[in-house]
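Please construct the entire structure, taking both the sequences and the accompanying hints into account.
Residues 1 to 416 (the numbering used here) make up the sequence shown, in order.
I should point out that these hints are in silico values taken from the structure, not numbers from a laboratory.
Check before you lean on any hint, since a few could be wrong.
[Said to hold, decoys possible] With beta-carbon atoms standing in for the labels, derived distance ranges: (1) D238 <-> G303: 40 to 50 Å; (2) E147 <-> L324: 50 to 60 Å; (3) E400 <-> T305: 37 to 47 Å; (4) V315 <-> D393: 30 to 40 Å; (5) V173 <-> L324: 50 to 60 Å; (6) V59 <-> R195: 24 to 34 Å; (7) I17 <-> A142: 50 to 60 Å.
[Unchecked claim] Cross-link-like lysine to aspartate or glutamate pairs, in silico, EDC-like; alpha carbons within 16 Å at most: (8) K68 <-> D81; (9) K164 <-> D203; (10) K68 <-> D78; (11) K101 <-> E84; (12) K408 <-> D382; (13) K164 <-> E143; (14) K404 <-> E362; (15) K164 <-> E140; (16) K164 <-> D197; (17) K375 <-> E353; (18) K375 <-> E392; (19) K68 <-> E84; (20) K293 <-> E283; (21) K408 <-> E362; (22) K136 <-> E84.
Don't be surprised by glycine CBs; every beta carbon is placed ideally from N, CA and C.
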Amino acid sequence: QLAITDLDQDEWSIGDIKEEQIESIEFGRIAATQAKQVIIQKIREAERNLVADAFEPRVGEMMYGEVKKQTRDGFIIDLGDNAEGYLSRDQMLPREQLRAKSRINAILYHVNRENRGAQLLLSRTHPEMLSALMQKEVPEIAEQIIEIRNVARLPGTRAKIAVKTNDHRIDPVGACIGMRGTRIQAVQQELDGERIDVVVWSDDPAQFIISSLEPADVSSIILDEDTQTADIIFSTNDQLARAIGSQGQNVRLASELTGYKLNMMLEEEYKQRQANESKAFIELFYERLEVDKDLAQALVDIGFTSIEEVAYVPVETFYDIEGLDDEAIDMIQERAKEVVIADELVKQQNMKEPSQELQDLEGMTVSWAYKMAQKDIITVDDLAEQAVFDLEDIEDLDTETAGKLIMKARESWFNE
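What follows is the structure, encoded as C-alpha cells:
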C-alpha cells in the first residue's frame, strides 16, 4: 500500500498496477511445520462449519447412507457429497449387525460444532426414527392428514405411536397399518422386527390412557392431573397381566406415551387402599380439627382429603352433612385455617412446635400457640413465666387476652 504522496503524479494514473518485489521472511523447519499445521487446522474448521451449516436445518430428518468404516465404538456412514455421519453402537438396535458397504437408514439427531469428535450424529433408536419411517410408508402422514402426536420405544423390541386424524372420514389406525398390514410390516422390517402398536390420540387423558393399554380392558380409572398420575383398576388378574405386558413393556410404554405415572391394581386392592386412606383421613380430621369420629367420617364421605380443603372450600360444600348448621361450619373452617397457618409457619420458618398442652389451653388458638413457640414459649409453664409485654408483638393477640392466657397458665401454681 502506497500513500498518495509516494506517487509521481506524472507517471501514474488511475487503474495502473505497480509491482514491487518484497523479500520473504525465512522460516525454519519448525516454524514452517507450525504454519502448515495452523493452515490445515483452519481449513478443517472451515470445512466443519460448512457441513454444520448445511446439516443443522436437517436435524430430525432420516438419512440414507452406506457403511464406510467400522470403529471401536461404532460405524462411519457415507452420506454422499463428502459428508460422513457417525452411528455409535448405543444408537443401534440391540441385535443389529452392520458390515462394510451395508446401506442403512438413520435419523440425524445432533450436529456437533466442536472441533473434536464426530460431527453428524446418527441414531436408529431415537423416537424420531419411527416417526420418519411411518411418514415414509404412510402417505396420509406425509400429507398431514394424519398427525403423529407422540412416540414411545423400546428399540428393537416394542413401540407405541399415538396418531390423530385431521379428516374424520379416515381411520388413523387402519391407514397406518395398511392393507393386510403391509405398511406397518415395512416399518417393522426396517427396525429388526420391532412390534409397533398404533394408538388413537385423544384430548381426554383418561381415554388416551385406556387406548394406550390395549388390548387390556380397563374397569375404571382415577386421574390426578396435578401430579400426572393415574390409578388403573382391572376386574381380573388376566386383564391386569395384559395391561402390564411381558417384563412390564406395555405399561412402561403406555406411561411414556401418555406422560402419566400409571398405578395398576385389581378392584379388591383398590377398595382396600380406599379403606386405608379413609381411615387415615378420619384420624387426621379427628386429631387436627378436634371433631368427633362421626363428623370426621362424614367429612371423608363427602370427599375431603386434606385440612386445606376443609379450610377453604365454599360453605355450601358442607350442606350435605346432616345436622351441621352454619355456626358449626364456621367453627370447623376457622379451626382448619388455624391448623393450615400453623403448619405453614413451621414449614417456612422451621419453627419449634408448641406442646399439645399449650395448644389445648382454654382461650388459646393454634396460631397463637405456634407464634409463642417461635419465642421459645413451648409449654404452659413457659407461658406462666411471661409478662403481658412479652406477648405484645404477637399478631391479633390483644393485651387483655394475653393477660388472661398468662393467668390461666399460672393456675397450676395455685393448685399445687
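Verification of the hints:
1. Take D238 and G303: their Cβ atoms lie about 33 Å apart, and the range 40 to 50 Å is violated.
2. For the hinted restraint 50 to 60 Å between E147 and L324, the CB-CB distance of approximately 52 Å keeps it satisfied.
3. Checked against the hint of 37 to 47 Å, the C-beta distance between E400 and T305 comes to roughly 39 Å, which is consistent with it.
4. Our hint of 30 to 40 Å for V315 and D393 holds, since their Cβ atoms are close to 33 Å apart.
5. Restraint check, V173 to L324: a C-beta distance of roughly 52 Å satisfies the suggested window 50 to 60 Å.
6. Distance hint check: the CB atoms of V59 and R195 are about 28 Å apart, consistent with the given range 24 to 34 Å.
7. At about 59 Å, the beta-carbon gap between I17 and A142 stays in the expected band of 50 to 60 Å.
8. Distance check on the hinted pair: K68 and D81 sit about 14 Å apart at the alpha-carbon level, within 16 Å; holds.
9. The hinted pair formed by K164 and D203 meets the criterion: a straight-line CA distance of about 10 Å does not exceed 16 Å.
10. Our distance criterion of 16 Å between C-alpha atoms is met by K68 and D78, whose separation comes to about 6 Å.
11. Only pairs whose Cα atoms come within 16 Å are accepted, and K101 paired with E84 is accepted, the gap being roughly 14 Å.
12. Note on K408 and D382: the hinted pairing holds, with a Cα-Cα distance of about 12 Å set against a maximum of 16 Å.
13. Taken as a hint, the K164 and E143 pair is honoured in the structure, with Cα atoms around 13 Å apart against an allowance of 16 Å.
14. Annotation: proposed proximity of K404 to E362 holds, straight-line Cα distance about 10 Å (limit 16 Å).
15. The straight-line distance between the Cα atoms of K164 and E140 is roughly 11 Å, inside the 16 Å bound, and the hint therefore holds.
16. Distance restraint check for K164 and D197: the Cα-Cα separation of roughly 14 Å lies within the 16 Å cut-off, and the hinted pair is therefore satisfied.
17. At most 16 Å may separate the alpha-carbon atoms for a hinted pair to count; K375 and E353 meet this at roughly 11 Å.
18. At most 16 Å may separate the alpha-carbon atoms for a hinted pair to count; K375 and E392 meet this at roughly 12 Å.
19. Straight-line distance between C-alpha atoms of K68 and E84 comes to about 9 Å, which keeps the hinted pair within the 16 Å bound.
20. Our distance criterion of 16 Å between C-alpha atoms is met by K293 and E283, whose separation comes to about 8 Å.
21. For a cut-off of 16 Å, the pair hint linking K408 to E362 stands: about 7 Å separates their Cα positions.
22. At roughly 23 Å between alpha-carbon atoms, K136 and E84 are farther apart than 16 Å, so this suggested pair is violated.
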